[in-house]
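Colleague: Heads up: the protein sequence lines correspond to chains A and B, in order.
Residues 659 to 907 in our numbering are what the first sequence spells out, letter by letter.
Residues -18 to 293 in our numbering are what the second sequence spells out, letter by letter.
It is worth saying that the hints were derived from the structure and are not from the lab.
One or more hints might be untrue.
[Claimed, not checked] Computed list of chain A residues with no C-beta within reach of chain B, every gap over 10 Å: (1) Glu745; (2) Tyr843; (3) Asp864; (4) Ser880.
[To be verified] Below, in silico cross-link-like pairs of lysine-lysine (DSS-like), each with a Cα-Cα straight-line distance of 30 Å or less: (5) A:Lys854 - A:Lys710; (6) A:Lys899 - A:Lys761; (7) B:Lys122 - A:Lys660; (8) A:Lys885 - A:Lys710; (9) B:Lys122 - A:Lys899; (10) A:Lys761 - B:Lys122; (11) B:Lys164 - A:Lys885.
[Claimed, not checked] So the derived list for chain A, only partly shown, Cβ under 8 Å to chain B, looks like this: (12) Met659; (13) Lys660; (14) Val677; (15) Ser682; (16) Asn747; (17) Glu751; (18) Asp781; (19) Ser802; (20) Glu803; (21) Leu826; (22) Lys901; (23) Asn902; (24) Ala904.
Glycine is no exception: its CB is placed at the ideal position from the N, C-alpha and C atoms.
Here is how the chains run, residue by residue.
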Amino acid sequence: MKILVAVKRVIDYNVKIRVKADYSDVDLSNVKMAMNPFCEIAVEEAVRLKEKGVATEVVAVSVGPKAAQEQLRTALALGADRAIHIETNERAESLAVAKLLAKVVDEEHPGLVILGKQAIDTDNNQTGQMLAALTNLPQGTFASEVTVDGDKVNVTREIDGGLQTIALTLPAIVTTDLRLNEPRYAKLPDIMKAKKKPMSVKTPADYGVEMASKVSLLKVESPTERKGGIKVASVDELIDKLKNEAKVL
Amino acid sequence: MSILVLADLHEDQLTGATAHVVAAAQLIQNNTGGNIDVLVAGEGIQAAAEAAAKLDGVTKVRLADNAVYANQLAEPLGALLVELANDYTHVLASTTTTGKNVLPRLAALKDVSQLSDIIAVDSADTFKRPIYAGNAIATVKSGDALKVITVRSTGFEAVGANGSASVETVDTVVGNRQSSFVKAELAQSDRPELSAAKVVISGGRGMGSGENFKLLNGIADKLGAAIGASRAAVDAGFVPNDMQVGQTGKIVAPDLYIAVGISGAIQHLAGMKDSKVIVAVNKDDEAPIFQVADYGLVGDLFEILPELELRL
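Take the sequences, apply the hints, and build the full model.
Modeller: Okay, structure coming up:
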């Protein structure tokens, strides 16, 4: 079985973001970028399935600027076999990305597609579900456990109030939640080897997909800052403040 | 120009989130006029439909009660929404795990974008939503004919429950051969639900172990509080993920939020910084959590928690 895994280049999760002075967007110039954390979990899960003998090939795909090839090389270093880069400098909305991934699914016929549940830049949480709808494949979102069993996959999902396990026919789309696995670090020899692994470069036009969206970004601003309060010296003082000043007890 | 709200259900009952989504729908309706209908889909969900019919501002409840909709599986719910959406200009759901699971399917099948997790309605087509873990707020305008939107509960005050909308049965039944329910393991708790609680007390990595989370129980009992956790505490395996407050967990905005042994990473702050009053207990007086806390108490949580429980 082939596994397709999608990765996104995003701002590093440790970086404190700045809004541009003209409020047009977040300022990403000279900012450390990295693979979206949920995509790292997706790559790890795909590689583990290959190590277990469930998968035979892991193909990583990314939609984004030329620099997104860094994240694809990371995926290759972590154990993916080859990569597809769909290069675009336009703002890649979830729907357009899902349409591109659907075309790749048509070409590659993977048994399983694994994506992160959300990217930590736009916080959309849409692409996997949209891909499932466009390809008419079942979806197991927010996965904390994935077990391939013959022509089915059981996915345990993190839902409000607990866990839900569902069975999906294969091929299927899975999106990862935090507890699915702990991604490994790439070792230096693997990073070297990854440089020689195949990467094909395409454009949205190659797939006949229009990147433009009907959603326009009018303004990006900083949230209202919360001011820090005071330090209290004791539990008694805390309770007194909560009762008499904040009036929440 | 009508609005459809997908009701959020938990164990076949209406959750509190839906009243917040109807509030957001009313703000859109102020611009567009038209009706606000609520779709309640599932199996054996008459009670949820009746609860939805009481929500203020609802014109009618559309009840799709069939085994295929049981357990809120994404494929049949998405297909049902696609069938019904033609009657509406806006389809809204809460940013709960069901809303997040189902709504993007509708958007994709209608070839429109989705606006996720809105916190404000500027007009019928322009909304505010947090991006980058709430460290920026984007104002976005949708030119799509159908607006597909998920709504963050804490952005909108819940509507009351004094209404009496009609309940109309939806006969549409879709097929589903792709996904099936295996089992659910739901936490049984007498405590209020995390995202609806007036008081939340959360523990972080500083709690040291899952066992030590019991130190929060007595205080939560006395305050009628829900218990939450930081991602660090979840990652460390102390507590289950459904207790996580933060960018990738629950977003809460209670009257009182007590953060214990939580340093205050931006991903955690994203989930609680709209709380009315924030209390932080941490042994590190430089912890970033103190920059957002109204009241900070520096010290050993293992001494402070028992004392707090005693004095409340």
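Colleague: Would the hint on A:Ser802 be counted as holding, given a Cβ-Cβ threshold of 8 Å to chain B?
Modeller: 7 Å, holds
Colleague: Grab the minimum C-beta distance from A:Glu751 to chain B and call the hint holds if it beats 8 Å, violated otherwise.
Modeller: 6 Å, holds
Colleague: The hint names A:Leu826 as touching chain B; please verify it with the least Cβ-Cβ distance against 8 Å.
Modeller: 5 Å, holds
Colleague: Taking C-beta pairs only, is A:Tyr843 more than 10 Å away from all of chain B?
Modeller: 16 Å, holds
Colleague: Under the criterion that the straight-line Cα-Cα distance not exceed 30 Å, is the pair A:Lys761, B:Lys122 satisfied?
Modeller: Since the Cα atoms of A:Lys761 and B:Lys122 sit roughly 28 Å apart, the hinted pair holds (cutoff 30 Å).
Colleague: Would the stated hint for A:Asn747 survive a check requiring a Cβ distance to chain B of less than 8 Å?
Modeller: Given a least distance of 19 Å, the restraint on A:Asn747 is violated.
Colleague: Take the shortest C-beta to C-beta distance between A:Asp781 and chain B; is it under 8 Å?
Modeller: This hint holds: A:Asp781 lies near chain B, its Cβ roughly 6 Å from the closest one there, short of 8 Å.
Colleague: For the pair supplied as a hint, B:Lys122 and A:Lys899, is the alpha-carbon distance within the 30 Å limit?
Modeller: 43 Å, violated
Colleague: Once the shortest beta carbon distance from A:Lys660 to chain B is found, is it less than 8 Å?
Modeller: 19 Å, violated
Colleague: Does A:Asn902 pass the interface hint, meaning its C-beta sits closer than 8 Å to a C-beta of chain B?
Modeller: 12 Å, violated
Colleague: Holds or violated: the hint that A:Ser682 contacts chain B, with Cβ atoms closer than 8 Å.
Modeller: 11 Å, violated
Colleague: Are B:Lys164 and A:Lys885 close enough, with their CA atoms no more than 30 Å apart?
Modeller: At roughly 45 Å apart (the allowed maximum being 30 Å), A:Lys885 and B:Lys164 break the hint.
The structure shown violates the earlier hints numbered 4, 6, 7, 8, 9, 11, 12, 13, 15, 16, 20, 22 and 23.
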